[in-house]
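Assemble chain E onto chain D, guided by the hints.
Protein chains in written order, with this note's numbering: chain D, 1 to 268; chain E, 269 to 751.
The reader is advised that the hints may include incorrect statements.
[Unchecked claim] Non-contacting residues of chain E with respect to chain D, defined by C-beta distances greater than 12 angstroms in every case (computed):
#1 LEU279
#2 LYS304
#3 ALA564
[Said to hold, decoys possible] Between beta-carbon pairs, the in silico distance windows are:
#4 D:ALA136 to E:THR550: 57 to 67 angstroms
#5 E:ALA573 to D:ARG111: 45 to 55 angstroms
#6 D:PRO160 to E:ALA406: 14 to 24 angstroms
#7 D:PRO205 to E:VAL635: 48 to 58 angstroms
#8 E:GLY683 to D:TYR161: 30 to 40 angstroms
Because the hints were derived from the structure by calculation, they are not lab data. Just so it is clear, the structure is predicted and the values come from calculations on it, not from any experiment. We treat Cβ as the ideally placed atom computed from N, Cα and C, and that holds for glycine.
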Amino acid sequence: MISDIARRSFGVPSRLIPVEELSGSSAGSRMPEIRPERLTVEIAERVAAVCPTTALKLESHGDRLNLMLDYGECIGCGRCIAVGEGAVMAANRLQCCGGSREQLICSWDVRTGTEQVRAGSPERIRAEIFSWVGRALNIRQLDSGSCNGCEAEIVALTNPYYDLERFGIHFVASPKHADMLLVTGPVTRNMAEAVKKTYEATPHPKLVVAVGACGCGGGIFAASPEVVGGVSSVLPVDGYIPGCPPTPAMLVSGILEVMRRLTGTRRR
Amino acid sequence: MTAGITTSELLRLFDTSLTDAPRLVSLFGRKQDDHKYLHYILDLPDVGYREFAYLVEGVVPSATRVSPAAAWHERELHEEFGVEFTDHPGLLPLRRHSPERRETPQPNEVRSPRLRHGEFLQVQGTGVCEVPVGPVHAGIIEPGHFRFSVIGDSVLHLQLRLFYTHKGTEKLFEGSLANEALPIAESVSGDNCFAHAIAYCMALEKVFGVHVPQRTDAVRLIGLELERLWSHVVDFGALCGDVGFSVPAAYCARIKEDLLQASTRFSGTRYWRAIAVPGGVTFDPTPSAVQDLSRAVGDAAADFAVLARMALETPSVQDRFETAGILSPKVAKDFAVVGPAARASGIKKDVRIDHPYGGYGNFQLDVPCYECGDVMARARVRVDEAMSSARLIVEQLASFPAGEVRPPVSMSGSGEGFAAVEAPRGELLYWLKVNEGRIARCHVRSPSFQNWQALPFAVAGNIIADFPLINKSFNLSYSGCDR
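So that you can see chain D by itself, here it is in the shape it has in the complex (with noise of 0.2 angstroms):
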C-alpha cells in the first residue's frame, strides 16, 4: 500500500513554478480587482453592504465619494465579486503586500473612476522611508553659502506645525550620520571644498537635494565670479526643490517627493 503512493509519486516528475510566475500571482485568492472604469455610485454602495468585513467601505469627502478597498481585511469571499457586474473582478496579479499596513488600502473616485493617491500619512513615510535606510531617514543640512533665508525655514521644519520628525525624519549634526545632504546656497568659491568634503564623510546610500533657486542653479547670485554655480556643479544631485525660500510646506512636501521617487515604492 504505501509502496504504491510512493511509485505514483515518483513516476510524476513535480514542477518548480518558476519565480516570475509566483511574482504577483493571486490566482485562486478571490482577492477583488477593481475595473475603475465600471464602477458606478449602485455598484460600490452593493459591493460595499456584502462585505463581511469592513475591507470595502465607501467615504464621503465633501461632494467627492470614495471607494476604499482594505486588503488588509478582505477574507476571499468572493461576495462583491458576485454582485460587481463586473466592475469587481478576481484578481490574478496583484501586488497587495506592502512594508506597511498602509500600503494595502487602496481608494477610488466612484464618479470619476479615478485612483487615488493619498498624500502619505505618517505611518507609510515612514515605513517607505525604513524600507530603503532600514531605520530613520537622516538629514545633514549644508550650508554652500545660502543669505540664511533657506535656513531660517528649514529650521521651522522641526517646529509644531511642521514636524517633520513624525516622519521618521531627523535633522543631524554630523554627515557622517546622514543618510541626505540638504544643501542651500549657491556653492561659493570658499565653500567648494568643504562641500566636496562634506559629501565624501557621508556614508553610503546617500542623496544630495539641492535646495531654493540658489541650490538648484546657482539663483541670483550665478553671475558671480566669487561664485561656482549651483550644488549640481560640485556634487551629483538627486533632487531639487525650488523657491526663494522654499517654505517649509514645500521642503516637507520635497523631500517627500524625493524620497518616493527613489525608493520606487510609490503606488501607480
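Relative to the frame of chain D, chain E by itself:
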C-alpha cells in the same frame, strides 16, 4: 566732495580713547576714472551721520590704531582695492582664504608680524590645545570657521575665519538698474531681508529725493518691527535651547511660525520679500487684514511675555546666562558694536531714536539698555525689544494713515547717498552711487560685520562649552557679514 580736513585730522577725530569720540559707522572704497576714493561715515554726537570722502594718494594712515572698529574695513580695502595703510596691525586678506585664491598677488605677501595669509595664530605653552570648528557646523546654521586655543576647558584665544559665504554681492549690484537690484539686497542676509530691502530703498530715495507717503511708511514700519519681533522671539528660544531648555525653544518656534503665517495673510509673503520698492510698497492692506494682524501680534506678544518671564526666572537658565560671554563696554565702544549687543553693554544707541526715519518719528519708543554685557543682558534686551516692537505694531495698526502706498517714482539720473535702518541685529547701512539710473557702487555695512570683530573678546576666558550659547546671544549673520 572732499571734506575740509586731512585724513590724519579725521583719524584724530574718532579716537575712541576720547569720551565724546564719534563712532565709525563704515569705511569703504570706490574706484572712479583710475582714482581710488575712501569714504568714512561717522556718527558724530549731536550732529548725526557725516560722510568724508578722500582721494587716495599714496599710503593712507591707518585708523585701526585709534579705532579698532576700522580693522576689518581696512583689510577689505587692502584686499579689494589695493589701498596701502601705514601702521595697521595685520593687513591680511579677509575674503580669500589662501594665497592661491588671490586675484592679483601682492609683492609684499607678509603683512603681519606674526601671521601669513591663511595661517592661524598659534598660542604656545604647556597644555594649550587647538580646537578647530567648522566651516560646516552641527546645527542648521551658516558656515564659518572658529579656531580655539584652549587650556583645559578655558578659551585663551579665538580666531575667526569667516567669508565662506562671500558671494561678491556688492559687485553684483554694479551695472544693474537701480529698481531691479532689490532681489540682491534681499539676499544679502535672507532672514532680515526686509530691513535690507528698506535700507536699499531708503538710500535710493535719498539719491533721487523721493518723497515716501505716510501710508507706505506705516506698512514699512510694520514689516520692520515684525521682522524684529520674530527674530528676537526665535533668538530667545534658541538661547533656551542652547542651555537644554527645549520647552521655551519649541514655544518660541511656534510663536514665530504664528507670526509668519499672520504675515502671509497680511502681506502675501512670509518674510516680506518683494514688498519694498523704491518710493513705496507693493501691497495695500485691507481693514480686515489690519485687524487680523493686530490680533495675531497681540496674541504672540502675550504668549511670549509669559514664556520669557518663566524662562528667565528658572534658576538653571539664570545660572548659564549670567556672567557668560561678557562684552565690556570698552570693547563694545572700540569695535563700534551696534544693535542689541551694544545695548546689552551699556551703549544706548538705536537708529530709530538717534536718526529717526520713516514713520518712527511719530511714536514713543522704549529702548532697553543693560550694563552687564553678558548673555543674560543680551537675552533681556531681546525680550524687551520684542515687547516694544509688538506694542509699536499694534499702535501703528490702530492709527493707519490713509493715502496711496506706491506713487510713481522716476529714477533716472545720477547721484549718491546713504541710509541706515535699525535691523534686528543693529544698524544696517547702504551707500549707493547711481549713474544714469544704474548702480555704480553699492556698499553694504551689515551690523554683523561690525559685531563679529568683538565676539572673540566676549568668548576669551569662558569655557569652550559655553561658546555656542555666547555666539547665539550675539546671533550674527554670516552671509550679511561675508556678502
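Tested hints:
no., hint, in the structure
1, LEU279, "holds (31 angstroms)"
2, LYS304, "holds (20 angstroms)"
3, ALA564, "holds (14 angstroms)"
4, D:ALA136 to E:THR550: 57 to 67 angstroms, "violated (42 angstroms)"
5, E:ALA573 to D:ARG111: 45 to 55 angstroms, "holds (52 angstroms)"
6, D:PRO160 to E:ALA406: 14 to 24 angstroms, "holds (22 angstroms)"
7, D:PRO205 to E:VAL635: 48 to 58 angstroms, "holds (54 angstroms)"
8, E:GLY683 to D:TYR161: 30 to 40 angstroms, "violated (46 angstroms)"
In the structure shown, a violation is registered for the earlier hints numbered 4, 8, in ascending order.
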